[in-house]
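Residue numbers (this note's numbering), protein chains in the order written: chain A, 1 to 139; chain B, 1 to 139; chain C, 1 to 139; chain D, 1 to 139.
It should be emphasised that the hints constitute simulated quantities derived from the structure, not laboratory data.
Because the structure is a prediction, the values reported are computed rather than measured.
Among the clues, some could well be false.
Calculated lysine-lysine pairs in the BS3-like style (CA-CA distance at most 30 Å, straight line) [what the hints assert, rightly or not]:
| # | chain 1 | residue 1 | chain 2 | residue 2 |
| --- | --- | --- | --- | --- |
| 1 | A | 64 | B | 10 |
| 2 | A | 62 | A | 115 |
| 3 | B | 10 | C | 115 |
A few chain C residues that face chain A, going by a derived Cβ cut-off under 10 Å, partial list only [to be verified]:
| # | residue |
| --- | --- |
| 4 | 4 |
| 5 | 8 |
| 6 | 12 |
| 7 | 26 |
| 8 | 40 |
| 9 | 43 |
| 10 | 46 |
| 11 | 71 |
| 12 | 110 |
Glycine included, every Cβ here is placed at the ideal spot set by N, Cα and C.
In case you want the letters, here they are:
Protein chains: 4
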Amino acid sequence: MIYKYDRVVKYYETDRMGVVHHSNYIRWFEEARVEFMRDIGLPYSHMEDEGIMVPVVTVECKYKNPVTFDDEVIVNTRVRKFNGIVIELEYEVVRADDGSIVVTGASSHCFVDAKTFKPLNLKRERADMYDKFLKAMED
Amino acid sequence: MIYKYDRVVKYYETDRMGVVHHSNYIRWFEEARVEFMRDIGLPYSHMEDEGIMVPVVTVECKYKNPVTFDDEVIVNTRVRKFNGIVIELEYEVVRADDGSIVVTGASSHCFVDAKTFKPLNLKRERADMYDKFLKAMED
Amino acid sequence: MIYKYDRVVKYYETDRMGVVHHSNYIRWFEEARVEFMRDIGLPYSHMEDEGIMVPVVTVECKYKNPVTFDDEVIVNTRVRKFNGIVIELEYEVVRADDGSIVVTGASSHCFVDAKTFKPLNLKRERADMYDKFLKAMED
Amino acid sequence: MIYKYDRVVKYYETDRMGVVHHSNYIRWFEEARVEFMRDIGLPYSHMEDEGIMVPVVTVECKYKNPVTFDDEVIVNTRVRKFNGIVIELEYEVVRADDGSIVVTGASSHCFVDAKTFKPLNLKRERADMYDKFLKAMED
């Protein structure tokens, strides 16, 4: 399933090239991920309250067409892989007006204990969370 | 005494007006403050290690002349007031090439216990730190 | 009249003190300002298209109670002063859940020609825009 | 040849996980790239003055070990590929104290006319610049 997140470009996200600075798309991926997790019933703030963090292991982005201040975009997010230890997400940012692609990207994450920073296997230790991510991938 | 901090403008700090986004000067004030504290022998990371935080209570900035990518600036920092409970700092950002004023500003801070977030009186509880800030103001 | 703008705190807006970094409120003021201008029928992107920029002349912020990731806030914006040459705005950020004050602030701005950066008097040169700002202050 | 760029972590670059927010490394890559270009005699601000922009086409980052406020790091930058149309750079961020790897990454870029945003072939159109990049790769 594809999860959608709407976003309007902020003025402070542009740079003197006149368009969104390339580092900001990485932040939009995070915003979209946070909304994706809320959508599947696992708000990230709730996971942190439960002592689980989901740090970023890798991130990548391909820049296709720039957007600028006040442009409206949609971030489409999809689970590419999930096995309880690692989750991989794919993102596609498109213009809201004509659907043209702005950037594509991906990120991979592990699950860690917020206190020890040691990796967690959700399947073994939090089956309730495991099921929700699995369902998000399969739907 | 005036403490000096050198800085080159980063590309990502500019916005589509072609100049540094106004919010970034507030971050430069923080950078200058961190270097000021290092200069007086109280590195902020060391204070946090000792369980003391110095949150911002107020901040203000007056914008005079913009700078842009790759411009070199100097942030001049001065202690305007200090009594062990509150510290007030003044900042002046000038161009390194001609000394012309870019922005002026100020910030005020209290000292708090990092665990309880309760205010601390440095004079009573950390006379060693109190003396260093006092000296920085008087010099 | 008071203009309202809703906002959820992003993860990347927090710092290691565990709360929103103080510089980000200055960016929220900008976001609220952009929505205020859209609300009164003068979208800022439209003003730039018309060759008018509204740079920040001064900004100030008083920090009352911190918020953190995923907290929902409302930015209340009000025109404090407007005379066609200068506009002053007041901001109050409150928690959406209990209405408690997070920060208060203000910004002042002038109107400039986007090409020459020379000040503009909206009353003389753009009466249509002048009327809209005036109405926003008086309502 | 490997180009080195020193950097101290700013407070505002950390997030509530207690470490540098992952998006900021992308900005450090840019800072390192800017210094690399200065080192080879092609300051980026100078290139923009000459009407050439070098937008980012792809970026990627692998996160190994986090750093936090006041940590000193070195960004090692190397040209992986250059043919006058595209340049690919590799980055390795290491701790200054023990040389351990913080993140690794890469970015690819094209050269475009600042007015038309059309791709440029440096070999044909700016042999002087072409030679400098080529030398940086070969050394």
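Each hint tested on the structure:
1. Taking the CA atoms of residue 64(A) and residue 10(B), the gap is about 24 Å. The hint holds against a cut of 30 Å.
2. Between residue 62(A) and residue 115(A) the CA atoms are separated by roughly 34 Å; this puts the pair beyond 30 Å, and the hint is violated.
3. Taking the CA atoms of residue 10(B) and residue 115(C), the gap is near 24 Å; set against the 30 Å cutoff, the hint holds.
4. A cut of 10 Å between beta carbons decides the hint on residue 4(C): the least distance to chain A is about 16 Å, and the hint is violated.
5. Taking 10 Å as the C-beta cut-off, the interface hint given for residue 8(C) holds, the closest approach to chain A being about 9 Å.
6. The interface hint given for residue 12(C) holds, since its Cβ lies 5 Å from the closest Cβ of chain A, which is under the 10 Å cut-off.
7. With its C-beta approaching chain A no nearer than about 9 Å, residue 26(C) sits inside the 10 Å limit, and its interface hint holds.
8. At its closest, the beta carbon of residue 40(C) sits 15 Å from a beta carbon of chain A; the interface hint therefore is violated under the 10 Å criterion.
9. Because the closest C-beta pair between residue 43(C) and chain A is about 7 Å apart, less than 10 Å, the hint holds.
10. Interface restraint check for residue 46(C): the shortest CB-CB distance to chain A comes to about 9 Å, inside 10 Å, so the restraint holds.
11. Hint status for residue 71(C): holds, given a least beta-carbon distance of 9 Å to chain A, under 10 Å.
12. Annotation: residue 110(C) was flagged as interfacial toward chain A, and the flag is violated, the nearest CB pair being 17 Å apart, outside 10 Å.
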